[in-house]
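Visitor: Sequence:
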Amino acid sequence: MRPLALLSRPGRVRRGVLVAAGVLTGGVFGLAWWVDRFGRREHAGMADALVVLGARVLPGGVPSGSLVARVEQAAALYHRGVAPWLVLSGGVGAHAPSEARVMLALAVEAGVPSSACVLEEESHSTEGNARFSVRLLRERGARRVVVVSDPYHLLRARQCFRREGLEVATSPAPIAGRMRAADRWYWTVREAFALLLRPRLLLARAPAGGVDGPGA
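Note that the UniProt record's numbering gives residue 12 to position 12 of the sequence shown, counting from 1, and the numbers run on in steps of one.
It is possible that part of the hints are untrue.
To be verified - Have a look at the derived ranges for each label pair, beta carbon to beta carbon:
{"no.": "1", "residue 1": "Pro207", "residue 2": "His124", "range": "24 to 30 Å"}
{"no.": "2", "residue 1": "Trp34", "residue 2": "Arg140", "range": "30 to 36 Å"}
{"no.": "3", "residue 1": "Glu139", "residue 2": "Gly45", "range": "20 to 26 Å"}
{"no.": "4", "residue 1": "Val92", "residue 2": "Gly165", "range": "24 to 30 Å"}
{"no.": "5", "residue 1": "Gly165", "residue 2": "His95", "range": "31 to 37 Å"}
{"no.": "6", "residue 1": "Pro199", "residue 2": "Arg80", "range": "33 to 39 Å"}
{"no.": "7", "residue 1": "Arg37", "residue 2": "Leu203", "range": "33 to 39 Å"}
Simulated from the structure, these hints should not be mistaken for laboratory data.
Because the structure is a prediction, the values reported are computed rather than measured.
For every residue, glycine included, the Cβ atom is placed at its ideal position computed from N, Cα and C.
Could you build all of it, start to finish, from the sequences and the hints given here?
Guide: So this is what it looks like as structure tokens:
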């Protein structure tokens, strides 16, 4: 019986691996569905400030399509009176200047006064966006913000800002015409993996007594 038990053990291991892989795959794609569904919806309401998350700057300081779309969305919200000022969040990446400084030029071009923009130039990640932006927000008494980014990025971004103790609504930058469906799916699945690797982030909730945006 002992040799037979030893022979059967690899089969049990394989089955266990297959079951674990199935659970992981189901978890990733289930979470990807949530990421996509959440990002497609507009949650913005009245807020103390808009926070625009940075994206890649191309050689020569040229803004990427994502950077342009995010600032245009934030400028539209500003002109609608959603919030009286903006935090432009993003440090220097592969190419100078900082994402925040490139966004400032775009925001002014879109009709947002430079006096209504505050630059956060230290961050190099979504977690950094939240950590460094919250200091600027609290200095100015802001408690409720609307975070603007690409749709697939918004769920993780909201959770990062929630973890810093802010009430958070989100607003998706339009991606039609600048991102293929396959690319959008790739980034959505990538975000699902990023969330699964940080399970505590998924548990972040709105501050006690606070209310996030509609449908949050």
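Visitor: The structure should be examined with respect to each hint, and the outcome stated for every one.
Guide: Now the hints, each set against the structure:
1. A beta carbon spacing of about 26 Å between Pro207 and His124 agrees with the range 24 to 30 Å that was offered as a hint.
2. About 32 Å separates the C-beta atoms of Trp34 and Arg140, a value consistent with the hinted range of 30 to 36 Å.
3. A hinted range of 20 to 26 Å for the beta carbons of Glu139 and Gly45 is consistent with their spacing of about 23 Å.
4. At about 27 Å, the CB distance of Val92 to Gly165 agrees with the hint of 24 to 30 Å.
5. In this structure, Gly165 and His95 meet the distance hint of 31 to 37 Å, their C-beta atoms being roughly 33 Å apart.
6. With their beta carbons about 36 Å apart, Pro199 and Arg80 fall inside the hinted range of 33 to 39 Å.
7. Our hint of 33 to 39 Å for Arg37 and Leu203 is violated, since their Cβ atoms are close to 19 Å apart.
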